[in-house]
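So you can see what is in the structure, the chains are spelled out below.
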Amino acid sequence: MSGVHTDLLSLTNPQTPVVPDELASNPDQLLAGVGEAGSRILAGPKAVAGMESLVDHLDRLGPLPGLGDAAHIRRVVEESGLQGRGGAGFPAAVKMRTVAARGGSPLVVVNGSESEPASHKDRTLMALRPHLVLDGAVVAAEAVNADQVIIHVHRESRSAITSLKNAVQERRRARLTEPRMDISYGPSRYVAGESSAIIHFLEDGDARPLTDRRAARAGIHGRPTLLHNAETMGHLALIARRGPWWFRLAGTSGAAGSTLVTLAGATPPGPRVFEVGGAVTVGQLLTDRAGLDAPPRAVLLGGYAGRWVDGRDAWDQPLARDQLLARGLSLGCGLLGILPWEACGLAETARLLGYLASESAGQCGPCIFGLPRLAEGMSELAFGRVSRRDVRQLLRRSATFADRGACHHPDGAALLLQYALAVFADDVERHIRRGPCDRKSHLPTFRVPTPSGAGWR
Amino acid sequence: MGKLLVDAVRCKGHGICALIAPRLIDLDDWGFPVLLASPDYDPEQSKLAKRAVAACPEQALRLVTEVGP
Ligand SMILES: Cc1cc2nc3c(=O)[nH]c(=O)nc-3n(C[C@H](O)[C@H](O)[C@H](O)COP(=O)(O)O)c2cc1C
Ligand code: SF4
Chain A
1 MSGVHTDLLS LTNPQTPVVP DELASNPDQL LAGVGEAGSR ILAGPKAVAG
51 MESLVDHLDR LGPLPGLGDA AHIRRVVEES GLQGRGGAGF PAAVKMRTVA
101 ARGGSPLVVV NGSESEPASH KDRTLMALRP HLVLDGAVVA AEAVNADQVI
151 IHVHRESRSA ITSLKNAVQE RRRARLTEPR MDISYGPSRY VAGESSAIIH
201 FLEDGDARPL TDRRAARAGI HGRPTLLHNA ETMGHLALIA RRGPWWFRLA
251 GTSGAAGSTL VTLAGATPPG PRVFEVGGAV TVGQLLTDRA GLDAPPRAVL
301 LGGYAGRWVD GRDAWDQPLA RDQLLARGLS LGCGLLGILP WEACGLAETA
351 RLLGYLASES AGQCGPCIFG LPRLAEGMSE LAFGRVSRRD VRQLLRRSAT
401 FADRGACHHP DGAALLLQYA LAVFADDVER HIRRGPCDRK SHLPTFRVPT
451 PSGAGWR
Chain B
1 MGKLLVDAVR CKGHGICALI APRLIDLDDW GFPVLLASPD YDPEQSKLAK
51 RAVAACPEQA LRLVTEVGP
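Residue numbers (the working numbering), protein chains in the order written: chain A, 1 to 457; chain B, 1 to 69.
The shape of chain B in the complex, shown without the other chains (with noise of 0.2 Å):
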């Protein structure tokens, strides 16, 4: 459940999110994640958007459950 949420200093583009979760994250040309969707209440894809969390090595993902303004 949720909203993935890029933290766009800290991603090098490394693109392993997008490996992992690609329903999910798509990369631009330059390696840069772009948002497809939101995993919301699909809980395999709840579960790849866990997983890119994880396995991102600058820490720049991060799924929320709520986003304020």
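So that you can see chain A by itself, here it is in the shape it has in the complex (with noise of 0.2 Å):
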């Protein structure tokens, strides 16, 4: 641990002032819920206190510092390491960079939409510092010269609605000099959440992935888009006051900063979104703010089309983003799930491949007839009868997915999919040879949402 710190103390660029007890009180761990000690961007008054009001919010962090010119602004993005909290973490000044270089008249995408049914991160961040946000899109805002700010969320997302309507009329109420915001709300569909969904539901008012990556690389009617995830504007707002190195130094030396994340499944009653940073592992997260005192069964890292990992295989690992990727795994929108003994992780997947195959936007072939085969089949596995062969073709099948859509939905469930084969080899075995185990009849640890039959406008 004391490794990590150094690492980062040895990277801190000299000609970057850093507040000394800002320096003194960086975390090596970080694990914190809304308003406690030690936390960063949850910092501030309590989950009760709800929406945290502009005076409040300027009274504790100060106004947006000035920060120079739009290239120095992508400096400094780039000197924090910042990485989106979307999902795909690719590097924020890149994007701005690319945006930046195509001139026009850019403007810039809040995506609040938390399309992940058990995520609550975004929809917690938005309801309770809206102004956090909405001071990163001010950021990534002036990084690319852009004179308009739109926060895109579901229709159904009601707190962060109503804290976000709030939030917008605070600030034009105080006059503050910045771009002109508008709220979009969507439908509350999963695929919706994909950017270029969002570019779509702006520019013609139909929330499906566009098909043609050009088409969104060009933006909203043509004017370059810049889009990023509601915590990672929250980031951008206290990179912009504290510094890029007061930032890093809440992460690994591979993962920059600290993230969000939702725990899900077989969760105590209580708050889910908290904060994590350093090398805080899955197992002191589990102990700490889900009562698990051993490891569960499995714990499903990502999101719903994430990934399963054995719960004794994940207990010690750090969440740091970097040492997840180094074993194939990632955090994706910060959802972990919880799977206690008691369930069929054969069962769960069954469920969630359903789920994620009603939620197909219906455009593409792999989507339409591949999804719900892959979500047919594991529910045979799950809840009837199958052969050795059946699942090595399913497993077959599932493997032709990858990178065929228009949007990465397909990919997402088939590598649950095969994680799920994977993890729950034993089980697997077990169907096999028995069938059903009784476990399937264990009510369902992650809820999906019964389909909405919501539209895509």
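Worth flagging that the hints you see were computed from the coordinates, not collected in a lab.
Note that beta-carbon positions come from the ideal geometry of N, C-alpha and C, so glycine has one too.
Incorrect hints may appear among the rest.
[What the hints assert, rightly or not] FRET-style restraints, in silico, Cβ to Cβ: (1) D26/B <-> A49/A: 56 to 66 Å; (2) K12/B <-> G35/A: 51 to 61 Å; (3) H221/A <-> T65/B: 25 to 35 Å; (4) G384/A <-> G31/B: 25 to 35 Å.
[What the hints assert, rightly or not] Which chain A residues stay away from chain B? Per the calculated CB distances, all over 10 Å, these: (5) R171; (6) A294; (7) S379.
Can you join these two chains into the complex? Each is in its own frame, and there are hints to help.
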């Protein structure tokens, strides 16, 4: 752990002033809830206090400092090492540079969709700290010389919407000199949170992913569009105030900054969104915040289209993105689902795949025909009788899904299935020999929304 | 020369491309293309790739020389 610390110190750029007490308090390990000691992006009042007003926000953090011209802001972001928190972990500075290089009249989109059913981190941040998200959007706008910000949310995200509306109004009343801000309300569908789907929606009112990646790159009505996840924006607001090195110090040498995670599945009642940083492990998070004292059966990492990890393998795994990546894992949208020993991972996976299949936008062959078939195959394995050959065929089928849809929805579903077959290999074997286990009757650990039938407009 | 791309939304699974360029394109269980390889600098395969692109009734297949992110 101290190794991580010194690594980070050696990165300190002599030209960037670092406030000494910030350094002294910088965490080797960060694990905190809303308003708890040590928290950074979640710092401020406790959750019961509700939305932090503009006055309180400015009292606590001061105004956004002027950071100089766009190129300088992009350099600061680059120094911070900030990677997008929407799932893919793409370096924010690279995206900004690409958008800035296109000139024209760019705009900034905050992706507040949070379409992962069990994820709550973006909604928590938007509901409790809307001004942090909006400040970040201002920084993003300044980094690419944009004069407009659109905050895109799903229509059903009530508390986030209430806070964002309030916050935008407070800012207007305070006459802050900043880009124009509008809120956009989209349909609450899973793939509607994908970036090209949002661009499509803002341009044409249709929230299905765009097939032509060139069109997505071209942006909304030809305006270069910088789109970032809501949490990414929150980090930008703090980087602008405290500097890139303050941000870096909460991470590891390979993964800058702290990250929000949501606990899901078999969790005790209470808060589910936490900020983690440094070398905090899955086991520490689950011990501290989910009351576990031993590894669960498995952990679902990254979202409903994420990856299963055996609980015992996951226990000592640091949550830092680089260290997950080193094992072929990803934190995705920050979802960490707990599968207890009483549950059947195959049955859970079957339900998740059924949900993912029902959420296809129905545009691409592999997604229309392939996903329902994967879901059916998984259901037969979990609840019916299958042969070894059936399972092999299912696996072989799932291997043809990579990178073939207009969006990565089918890829995610196929990976979930492949990880389930590997992590629950013993169960697969038992199901093949003896049919479904009695654990299948265990109530679903991961709840999937009932198909809303909501359209795409 | 180049890399094949399928527009997954346009593609209706006719499968003609796989008949023309079987070394580059396979079909999945539902008749939709799975890209096996790109023609790159192989002139023979490049010719087949171009022919497959031209034959697609949905104009769902493209041959590009450079792909962005
Ligand atoms: C099927 C699908 C759904 C997605 N849903 C969301 C979402 O709800 N919220 C989000 O921020 N990103 C979502 N993403 C990722 C976005 O496409 C995009 O990469 C991200 O918002 C970019 O922000 P970042 O650079 O700050 O990470 C989704 C991606 C896919 C493939
Ligand atoms: S891959 Fe599926 S979800 Fe993605 S655009 Fe195609 S049909 Fe829609």
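Cross-check of the supplied hints:
1. D26/B <-> A49/A: 56 to 66 Å: Distance hint for D26/B, A49/A holds at roughly 58 Å.
2. K12/B <-> G35/A: 51 to 61 Å: 54 Å, holds
3. H221/A <-> T65/B: 25 to 35 Å: 28 Å, holds
4. G384/A <-> G31/B: 25 to 35 Å: Given a distance of about 26 Å, which is inside 25 to 35 Å, the answer is holds.
5. R171: At roughly 33 Å from the nearest Cβ of chain B, R171/A sits farther out than 10 Å, so the non-interface label holds.
6. A294: Per Cβ check, A294/A is outside 10 Å of chain B; nearest 42 Å; holds.
7. S379: 17 Å, holds
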